[in-house]
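**Student:** My request is simple: use the sequences and hints to build the entire structure.
Protein sequence lines, in the order shown, are assigned to chains D and E. Quick note: the first sequence uses my numbering, first residue 1, plus one each step. Quick note: the second sequence uses my numbering, first residue 1001, plus one each step.
It is possible that part of the hints are untrue.
Unchecked claim - No more than 30 Å apart at the CA atoms, straight line, and that leaves these computed lysine-lysine pairs for DSS-like:
| # | chain 1 | residue 1 | chain 2 | residue 2 |
| --- | --- | --- | --- | --- |
| 1 | E | 1052 | E | 1077 |
| 2 | E | 1097 | D | 38 |
| 3 | D | 44 | E | 1097 |
Just so you know, the hints here were simulated from the structure itself, not pulled from any lab data.
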Amino acid sequence: DAMVIQNPRYQVTQFGKPVTLSCSQTLNHNVMYWYQQKSSQAPKLLFHYYDKDFNNEADTPDNFQSRRPNTSFCFLDIRSPGLGDAAMYLCATSRDRASGPYNEQFFGPGTRLTVL
Amino acid sequence: GNSVTQMEGPVTLSEEAFLTINCTYTATGYPSLFWYVQYPGEGLQLLLKATKADDKGSNKGFEATYRKETTSFHLEKGSVQVSDSAVYFCALSEGDKIIFGKGTRLHILP
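**Tutor:** In structure tokens form, the structure reads like this:
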């Protein structure tokens, strides 16, 4: 089945130790998104890629970076995690608007990040 | 800017009760509207969608109708089950992005 895969599902890191979360997709969608979701809150968009074009949200801290080496993979790098970065990180994909009116997003299961 | 407002939770119902979760939106133009569901410990899943006024989205017994005149997209289900316990997010499209409401937690008691 076509899907969005996130690895690992659970990640523990130490305060200040860089961490990378990965996302892959078999949907061949050209748009990929990273969200941060804290407990009992809506997902907060960090950035998204339109093909290789990177689009950062204005309030995303510099501590968060991303890479998209090809259509299938996208990575979230947290350079120096703080305690406040503990959250669920969700990856999502969609077709672009030119493909149709729906642009629904397909989400992965998420990676829960714990910062010690 | 565009925004979504949905009813505060948690909502607690008994099994087989009727469910309504209210959602209203503010938007320029004609966005697509969505309901996403998030089960504990999982990512979001699209529950249903509507792309234009008067469209009705439906899935798994849930329904919502795109009401342009009242800028609403209320979620309804005639008879809820324990397995419907989850967090429900109303959302609208804004370009390539989605604007989410704050979510409504639903508890169904057996």
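**Student:** With reference to the structure, classify each hint as holding or not holding.
**Tutor:** Checked hints:
no.	hint	result
1	E/1052 to E/1077	holds (21 Å)
2	E/1097 to D/38	holds (19 Å)
3	D/44 to E/1097	holds (11 Å)
In this structure, none of the earlier numbered hints is contradicted; all agree with it.
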